[in-house]
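J.: Chains A and B, in that order, give the protein sequences. Heads up, the first sequence is in the numbering used here, so the first residue is 248 and it goes up one at a time. Heads up, the second sequence is in the numbering used here, so the first residue is 22 and it goes up one at a time.
It is possible that part of the hints are untrue.
[Stated by the list, open to error] Below, simulated SDA-like cross-link-like pairs (lysine to any residue); rule was C-alpha separation at most 25 Å, straight line:
| # | chain 1 | residue 1 | chain 2 | residue 2 |
| --- | --- | --- | --- | --- |
| 1 | B | K167 | A | G628 |
| 2 | A | K514 | A | Y743 |
| 3 | B | K35 | A | S582 |
| 4 | A | K629 | B | E134 |
| 5 | A | K629 | B | T110 |
| 6 | A | K629 | B | L55 |
| 7 | A | K769 | A | A817 |
| 8 | A | K514 | B | L39 |
| 9 | B | K167 | A | L620 |
| 10 | A | K629 | B | K76 |
| 11 | B | K167 | B | Q74 |
| 12 | A | K856 | B | D98 |
| 13 | B | K35 | A | P591 |
| 14 | A | K856 | B | R126 |
| 15 | A | K769 | B | Q100 |
Just so you know, these hints were derived from the structure itself, not from any lab.
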Amino acid sequence: MIPETGHYALILALFVAIVQAIVPLVGAARDDRPWMEVGRTAAFAQFLLIAIAFGALTWSYVTSDFSVVNVAQNSHTDKPLLYKITGVWGNHEGSMLLWVLILAAYGLALALFGRNLPPALRARALAVQAMISVGFLAFILFTSDPFARLDPAPLNGNGLNPLLQDPGLAFHPPFLYLGYVGFSMAFSFAIAALIEGRVDAAWARWVRPWTLAAWCFLTLGIAMGSWWAYYTLGWGGWWYWDPTENASFMPWLAGTALLHSAIVVEKRDTLKAWTILLAIFAFSLSLLGTFIVRSGVVTSVHSFAADPARGVFILALLVLVIGGSLMLFALRSPSLKAGGLFTPLSREGSLLLNNVLMSTACGTVLLGTLYPLFADALGLGKISVGPPFFNAVFIPLMVPMVATMALGPMMSWKRGDLMGALVRLRIAFVLTLVVGIACWLLDGGSVQALKAAGGFALAAWLLIGSIVEWAERVKLFKAPLVESLNRARHLPRAAYGMTITHLALAVVIIGITGSAVWTSEKIQVMRPGETVTLSGFDLTLNGVEDGIKGPNYTASRASFTARKNGEVVAQMSPEKRLYTMPPRPTTDAAIHTNFINDLYVVVGDPDGKGGYVTRLYHNTLVPWIFIGAVLMVFGGLVSLSDRRHRIGAPTRKTKAA
Amino acid sequence: MTVPKPKGDAVTRKQRRLYFVLLGMLALAAATALVLTAVGDGMVYFYTPSDLQTKHIGPDRRVRLGGLVEKGSVVKDGQTVTFVITDMTATTPVTYVGVLPDLFREGQGVVAEGKMDEQGGFHASEVLAKHDENYMPKEVADALKKSGHWKDEYQHK
Numbered sequence: 248m249i250p251e252t253g254h255y256a257l258i259l260a261l262f263v264a265i266v267q268a269i270v271p272l273v274g275a276a277r278d279d280r281p282w283m284e285v286g287r288t289a290a291f292a293q294f295l296l297i298a299i300a301f302g303a304l305t306w307s308y309v310t311s312d313f314s315v316v317n318v319a320q321n322s323h324t325d326k327p328l329l330y331k332i333t334g335v336w337g338n339h340e341g342s343m344l345l346w347v348l349i350l351a352a353y354g355l356a357l358a359l360f361g362r363n364l365p366p367a368l369r370a371r372a373l374a375v376q377a378m379i380s381v382g383f384l385a386f387i388l389f390t391s392d393p394f395a396r397l398d399p400a401p402l403n404g405n406g407l408n409p410l411l412q413d414p415g416l417a418f419h420p421p422f423l424y425l426g427y428v429g430f431s432m433a434f435s436f437a438i439a440a441l442i443e444g445r446v447d448a449a450w451a452r453w454v455r456p457w458t459l460a461a462w463c464f465l466t467l468g469i470a471m472g473s474w475w476a477y478y479t480l481g482w483g484g485w486w487y488w489d490p491t492e493n494a495s496f497m498p499w500l501a502g503t504a505l506l507h508s509a510i511v512v513e514k515r516d517t518l519k520a521w522t523i524l525l526a527i528f529a530f531s532l533s534l535l536g537t538f539i540v541r542s543g544v545v546t547s548v549h550s551f552a553a554d555p556a557r558g559v560f561i562l563a564l565l566v567l568v569i570g571g572s573l574m575l576f577a578l579r580s581p582s583l584k585a586g587g588l589f590t591p592l593s594r595e596g597s598l599l600l601n602n603v604l605m606s607t608a609c610g611t612v613l614l615g616t617l618y619p620l621f622a623d624a625l626g627l628g629k630i631s632v633g634p635p636f637f638n639a640v641f642i643p644l645m646v647p648m649v650a651t652m653a654l655g656p657m658m659s660w661k662r663g664d665l666m667g668a669l670v671r672l673r674i675a676f677v678l679t680l681v682v683g684i685a686c687w688l689l690d691g692g693s694v695q696a697l698k699a700a701g702g703f704a705l706a707a708w709l710l711i712g713s714i715v716e717w718a719e720r721v722k723l724f725k726a727p728l729v730e731s732l733n734r735a736r737h738l739p740r741a742a743y744g745m746t747i748t749h750l751a752l753a754v755v756i757i758g759i760t761g762s763a764v765w766t767s768e769k770i771q772v773m774r775p776g777e778t779v780t781l782s783g784f785d786l787t788l789n790g791v792e793d794g795i796k797g798p799n800y801t802a803s804r805a806s807f808t809a810r811k812n813g814e815v816v817a818q819m820s821p822e823k824r825l826y827t828m829p830p831r832p833t834t835d836a837a838i839h840t841n842f843i844n845d846l847y848v849v850v851g852d853p854d855g856k857g858g859y860v861t862r863l864y865h866n867t868l869v870p871w872i873f874i875g876a877v878l879m880v881f882g883g884l885v886s887l888s889d890r891r892h893r894i895g896a897p898t899r900k901t902k903a904a
Numbered sequence: 022m023t024v025p026k027p028k029g030d031a032v033t034r035k036q037r038r039l040y041f042v043l044l045g046m047l048a049l050a051a052a053t054a055l056v057l058t059a060v061g062d063g064m065v066y067f068y069t070p071s072d073l074q075t076k077h078i079g080p081d082r083r084v085r086l087g088g089l090v091e092k093g094s095v096v097k098d099g100q101t102v103t104f105v106i107t108d109m110t111a112t113t114p115v116t117y118v119g120v121l122p123d124l125f126r127e128g129q130g131v132v133a134e135g136k137m138d139e140q141g142g143f144h145a146s147e148v149l150a151k152h153d154e155n156y157m158p159k160e161v162a163d164a165l166k167k168s169g170h171w172k173d174e175y176q177h178k
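Let's have the full structure, built from the sequences with the hints guiding it.
T.: Rendered as structure tokens:
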């Protein structure tokens, strides 16, 4: 009965969404308050119904109800409870259900917290949200029913892909979706604004916190995915420019650009059409990301089924959303009145430059990701576009962007003083040079070492530039310390958010550079008792124990002792696991970190003569990538907690002159 | 709200639009230049063993070779592994140094990336099976279907 209840609730949700997509829109056009209010009530009802459906599916998983096809295909009684629950979204149908649940949750949030929004704008935004909902609910009900029954029910299920049975990956999809779907808010507001023909500071104040929240979730989701790839795939890398990774990275780039251009709309009442366009792109790329990952057009851990009906449905949805919104944009954007003017050398100018670079980078990633699909469709042969392409294109675009990041905040709005800003950044300039040259010399002074020097210099520039900017704001060393402290206390949290995220990016750049240039790796056959030296560490293989039983796998566990100068640094035990259902091997790397370097050990197959193939890595500064990502999210949250987002914010009357 | 008239070197709306367009074009040009320079080494073509026999591929070209790992062909000598990739029509011997991915199995699909040598052997610098959950990479499945050697049981094993 419970799965049927869920199915029924989902069908009801579709009808509620249809009502929510039409009635408030008509109400807003007729200026009819009761009709507009339907949107809020419907948003409540829709969320409740989808939550019931999601609950029903979760229940089927927890109780291992194998009469449900979805559960039988993706679960097993031996699975730990955590993975029974996370298994709900570890498959196509369930993950789509999670998608609409999150969409409905955002709709609910809009209905709840949108009290002080102009009623017509709120009604229209809710209607647009519901339209997206209709598309996805129809998709689930017609092509990917998670509640389909199986008769007779099998005794046990097929189990979940062991690669997905991991805490890092278990919570990666919800965070990623919270990010993807979060951009639907910006999208809905953008469409609502286009219908109204009005974009102003109040609009931007509304869009910004939602975008920021979505951005934080997405950043965390991507970081989790990358971390998972780092420690489970056993290749010692953390980013492969895999299509599925790019799929999540593109909305992130567009979202980051949107975040910044929304500031310009809020503060300076300009760049409106551009911001609307970015909102449309950010969400379209989120949809595209879902499409790439779920439709099976690319092979990866994520692609579940290549059912052509589904692909066509999502493609149609994609065309409708992107085509429709761009059409509306073309029709209505000329009516958006541009506001404040500015010179190219101003804060607006630098934000715009960053926006353009970010969008271009996003475009090249899109090209590289989709090109193999086009080439295949056009019969140009099977091609894969690998990391060399992305590195060669992406990095040169990011260098000027990061260079401007330190400079932009130092410029004033409207008309900035580039020379003045450069003079005030002279400490950063000098220190950047020192860092660059020092790194270059330390690394041997060769041409190859220029790469490391460049990366670290760039990070130093951003790091010190951001600190200088903060110091200027609080008049550090220019005013008495008490005054500086006082200023520091009263600086808006949004300012701290910016400083922290920019510093965080510097940390990430340091991590990326370090891992790119200083990582060392050794692959060999080791017999128990043998020792291999890597980057000053002596790694001894003590032995390998076979047949260790886990809840649903058997593992061979190797035991390593890492010593430095004769002293024991760590005991490490990498595993090779063989899952029982489905019968698949996985690698469990052992990582010892001191938060600067990672010692990373993987055990491979036995060679049949008493030895084991082992892969040993010394990954320099990789932890900083993840620390930086978390710091970035923290900065986003600090900015999100800014006073102006909480109190009395977005009413149109209080628009600052 | 009236917009205060900009003075001095401030710009008019038209000029700003011009800057916007110029900036966009500049970015586009830069991106195009970068893409064109990166295309050479960034793109890797996929071949099957039969393709390798008919087309001559120089030892400098990085390519991907896909097919099934021939049963009984895997020989491990320490960290060096040799195996044969087949598409049921032709075969290519492959040498690889390193740890094979978890999903590498005899009789299963595999994609190796690397270069050909003069003797017709293939030196893989990477063996890919890392992101695939069915044991069959998409390219390999397509190639097998094309050559008529596809069997349904490859899909779920």
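J.: Indicate, hint by hint, whether the structure satisfies it.
T.: Status of each hint after checking the structure:
1. K167(B) with G628(A): holds, 13 Å
2. K514(A) with Y743(A): Holds. K514(A) to Y743(A) sits at ~17 Å (cutoff 25 Å).
3. K35(B) with S582(A): Holds: K35(B) and S582(A) sit about 16 Å apart, inside 25 Å.
4. K629(A) with E134(B): Answer holds: K629(A) to E134(B) is near 13 Å, not above 25 Å.
5. K629(A) with T110(B): holds, 19 Å
6. K629(A) with L55(B): holds, 22 Å
7. K769(A) with A817(A): Between K769(A) and A817(A) the Cα gap is close to 18 Å, so the pair holds against 25 Å.
8. K514(A) with L39(B): holds, 23 Å
9. K167(B) with L620(A): holds, 18 Å
10. K629(A) with K76(B): Satisfied, since the Cα-Cα distance of roughly 15 Å is no more than 25 Å.
11. K167(B) with Q74(B): With a Cα-Cα distance of about 17 Å, the restraint between K167(B) and Q74(B) holds, given a limit of 25 Å.
12. K856(A) with D98(B): Holds - the C-alpha atoms of D98(B) and K856(A) are around 10 Å apart, at most 25 Å.
13. K35(B) with P591(A): holds, 13 Å
14. K856(A) with R126(B): holds, 20 Å
15. K769(A) with Q100(B): holds, 11 Å
Of the numbered hints stated above, none is contradicted by the structure.
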